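Sequences are here, hints too, so could you generate the full structure?
Heads up: the protein sequence lines correspond to chains C and P, in order. Numbered according to my numbering, the first sequence spans residues 670 to 1076. Numbered according to my numbering, the second sequence spans residues 670 to 1076.
Derived by calculation from the structure, the hints in this document are not laboratory data. Remember, predicted model here, so these are calculated numbers, not experimental data. Wrong hints could be hidden among the right ones.
Just so you know, same-sequence chains aren't split out, so a pair can sit in one copy or run between any two.
Claimed, not checked - Below are the DSS-like pairs computed for lysine-lysine, each with C-alpha atoms no more than 25 Å apart in a straight line: (1) Lys-929 / Lys-893; (2) Lys-870 / Lys-897; (3) Lys-1007 / Lys-975; (4) Lys-893 / Lys-870; (5) Lys-975 / Lys-944; (6) Lys-733 / Lys-793; (7) Lys-731 / Lys-793; (8) Lys-942 / Lys-929; (9) Lys-1070 / Lys-733; (10) Lys-929 / Lys-916; (11) Lys-975 / Lys-916.
2 protein chains.
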Amino acid sequence: MQHSRRQFIKTSAAIATGLSVALLPAGVNAGQKGMKPSSSGNSLSSLLPAGGKAGGKAPSAKMKLSWRAYDLALKHTFTISGFSRKSTPVVLTKIEYEGVTGYGEASLPPYLGETQASVIEFLKKIDLSRFSTPSHMEDILTYVDNIAINNSAAKASVDIALHDLVGKMIGVPWYNMYGLDKTEVPYTTFTIGIDSDDVVKEKTREVLGDFNILKVKVGGPDDKRMIKAIRSVTDLPLAVDANQGWKERLEALDMILWLKEEGIVMVEQPMPKLKLDDIAWLTEESPLPIFADESVQRLSDLHRLKGVFSGINIKLMKCTGMREAWKMRNLAEALGMKVMMGCMTETSCAISAASQLYAGMDFADLDGALLIANDCFDGATLQNGKIIATDLPGIGVVPNKLFDTNW
Amino acid sequence: MQHSRRQFIKTSAAIATGLSVALLPAGVNAGQKGMKPSSSGNSLSSLLPAGGKAGGKAPSAKMKLSWRAYDLALKHTFTISGFSRKSTPVVLTKIEYEGVTGYGEASLPPYLGETQASVIEFLKKIDLSRFSTPSHMEDILTYVDNIAINNSAAKASVDIALHDLVGKMIGVPWYNMYGLDKTEVPYTTFTIGIDSDDVVKEKTREVLGDFNILKVKVGGPDDKRMIKAIRSVTDLPLAVDANQGWKERLEALDMILWLKEEGIVMVEQPMPKLKLDDIAWLTEESPLPIFADESVQRLSDLHRLKGVFSGINIKLMKCTGMREAWKMRNLAEALGMKVMMGCMTETSCAISAASQLYAGMDFADLDGALLIANDCFDGATLQNGKIIATDLPGIGVVPNKLFDTNW
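Okay, here's the thing in C-alpha cells:
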C-alpha cells in the first residue's frame, strides 16, 4: 500500500511537473511574479491535508492566469442552417500555481456573440491573486461568474483551467472525483455536413468504421434528401439537429414522424428557442425524444424546461464550464430529463474536459476536436465510437508539438 | 514541488494505512478473503491514473463491507414534540479495499422507522464484489439504492463509508473535491431542550460561550415560555423547529410574527408535511424564512417544493448520504432556495461527512455528536461556534479508543 501509493505519486508528480517544464522555457516560469516553483517546500499544503500540522503558514504563492488567441483550422468547410465557415477562433488559457499548470479553452463560434477580443477583455478583469488556493473552486468560479453577465465561453476557459490545475494537484482525473466509470459513455455522434448526394455518401462511407451513430443538421429544404443519401449507405442510428429550423409545430411533427420511420433516434432543438408552448406540444406528440440546445444555456434555465423537452444538451461553452455542467446534469436527472453532452468546434482541451463528466448520459456529440486540423492538445481519444478520457490527472491533456509555448 | 508532493503523500499514506493498522488486529486484516494489503504492489492502480501504463491488469482485490450495531448514550434526555429518549441506536459500517478502510454510519432515531436489525438486513443484501473499484461511486450507489426502497440511513452508511474510502485513496478530504473552503460555514445551532424555566436558563448559560445561534423545538404549549426563558439570558439569534407542530396556518403565522419580534431568524417545518398549500401561503406571508424538514427527504422531492418553502434541511440519514446531499444542495440553489445542513444524533463519523459539503449554506444544525457521551470517532470539531472538518483525507475521521475494533 505505502509502496505503491508513493510509486504512483512519483509518477503523477513527474507528469504534472513535466507538463509545465516541457511547455515553458525555464525563464518564463522562473521569472513569473509571485511564483515559487520549487523553493517554497510548501506547494500543496494549502490544497491538500496538512498531515497533522495544525494551522500551517499562509500560502505565499498566487495563481497566474494567462491566455493566447488561437485559430482552429477546420478539416472541412462546416455548414449548419444559415452558416458556413472554415475556421473557429478560440482562446487558450492556463492557470499556473506552484509549478503546476492547468489548461483551458474558450471556443468562439461566430453565431454565439463572443470573440477573441471579448474573451481577452473579460480575462483581463480577473484577479486571482485575491484567492489563496485554487482549491476554493466554488468561491473562485462564483467570483468569475459575477464579473459580468454572459461571457460564458470566457468563463468556461477559466473553469476548465482551474479544474485541470486542481485535478493535477490532487493527482486524479475528474471522472474519479465525480465517481464515474470513464468507459461507460454513450457513442459520440459524428456530423455529416449538408452537401450534394455524392459528397454526403462519400463522407458517410469514410466514417462508417469509426462511429456507431451519425448526426445530420436538418431544418432546411435538404432534410429528406440528406437522410435518404445517408440511408443509401448505412443503417446506423442517426440523430438530427434542427437548430430551431422548423417554424410550425405541425410541420415539425410531420417531419419527426417521417424521421422516426427512417431510423432517427433523437431530435435536437426542432423549433425556435422561445416557442416553448409549441415545443411542449411537440414533445408530447413526438415518438422521438426532443432535446433542448439553444433553449437551454445555464443551470437557472433548466427547471423551466421540465415537461417542455425530453432532455437537454449540455455544452461547456454555453454553461460556463465543468462545474455548472455537472450541476446541470444532476438537476436534469433529478427532474427526470435525459441528458446529452455536446461541444463546439474545439481542441482536445475542452473535449477532454467534457469527457470527464458524461459517463452515464444518454447521448453525446463530442466530435469537435475530430473536425480540426491543428489540435494542439493530446487528450481524450475516439475508441470504438466513444470519446474516452485519458488516465492522466485533471482533465487529462498534454499540449502537443502544435502548442505554442511562447506565452 | 516534487519534494513537497512526495512529502505530503508519505504523510498521507501513513495516515491512511495507520488507520486500518491501528484499528484491526493484524490477523483480521491479513485473513480477509480477497484482501492483498501490501503484496499486490498495485493497490491504487484501479482508482488512480496508471501514470502512462496503458491498459493495466484487472484489479483482483474486492471491497469488503462490514458493520456493527452501536448504541449512542445521550448526555441528556432529549425531548422533541412527542418523544423523549436517552439513547440512539446506530450501525457503524466500514468498507475495506486494499488495506484502506472507509467508515460510515447509519443513525436510527426511532421515529424514522429504521432499526439496527433493518439496517443489517439491508447491508447483508449488498454484494460489492461485483464492482472492480470503489471509484465507480455512481454505479455502486445506484446499485445500492435499487436494492430496496426506503432504508435511507442504511444506504447512507454505505455512501459515507465509500466516500471515506475513495477520499483516502485519492488522498484528499471531500471538501477539496467539492471545491469548498471548509471554514466558510454557517454557525451550527445548538438545541435547548424543552424543560422548566430554571433548567432552560441554566442550560442556555452553560452553552453561551460556545455557540452563536441556538435552536428551540416549538410547536407545543411551552413555546412562548421557552423563548422567554432563553431571552431572559441571551440575545443570541434563535432558530425554531416546529416539527409539524402547528396545525392551522393562521395559528402558525401568528406564532411566527411573535417569534420575529423575539429575534428568531428561521423556522423549520411549521406544519404537517403534506399540507403544502398551507405552507406555501405561510411562506408567502412569513417575515422569516421557512425550511422544509419532514416535507423533503430525497432529491426527487425537491423541485415540487419551490414556491412552497424558502429552503430545505438536508440530512445525510434521510437523503441516503453525501452523494445525494451534494446533488440536493446544488438543485436547491439552482431553484433559488436556501439550504441548511442538519443531522440526527450521530457520531463524529456522520457529522464529519456532513461537514465536508456544507460550506456556503445558509444555516447548519450539526450538534449531533456534541450531544452524545460515547462518540467513538475523532473528526470535525466545534470551533468558534462552527463545526469544522479536519484536514484528513476522506471524511476526515479517526476511530478513537471507544471504537471497538473487534469486527
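Hint-by-hint comparison with the structure:
| no. | hint | result |
| --- | --- | --- |
| 1 | Lys-929 / Lys-893 | within (12 Å within a copy, 66 Å between copies) |
| 2 | Lys-870 / Lys-897 | within (10 Å within a copy, 82 Å between copies) |
| 3 | Lys-1007 / Lys-975 | both (10 Å within a copy, 21 Å between copies) |
| 4 | Lys-893 / Lys-870 | within (14 Å within a copy, 80 Å between copies) |
| 5 | Lys-975 / Lys-944 | both (14 Å within a copy, 24 Å between copies) |
| 6 | Lys-733 / Lys-793 | within (12 Å within a copy, 51 Å between copies) |
| 7 | Lys-731 / Lys-793 | within (16 Å within a copy, 50 Å between copies) |
| 8 | Lys-942 / Lys-929 | within (22 Å within a copy, 44 Å between copies) |
| 9 | Lys-1070 / Lys-733 | within (23 Å within a copy, 46 Å between copies) |
| 10 | Lys-929 / Lys-916 | within (19 Å within a copy, 53 Å between copies) |
| 11 | Lys-975 / Lys-916 | within (22 Å within a copy, 33 Å between copies) |
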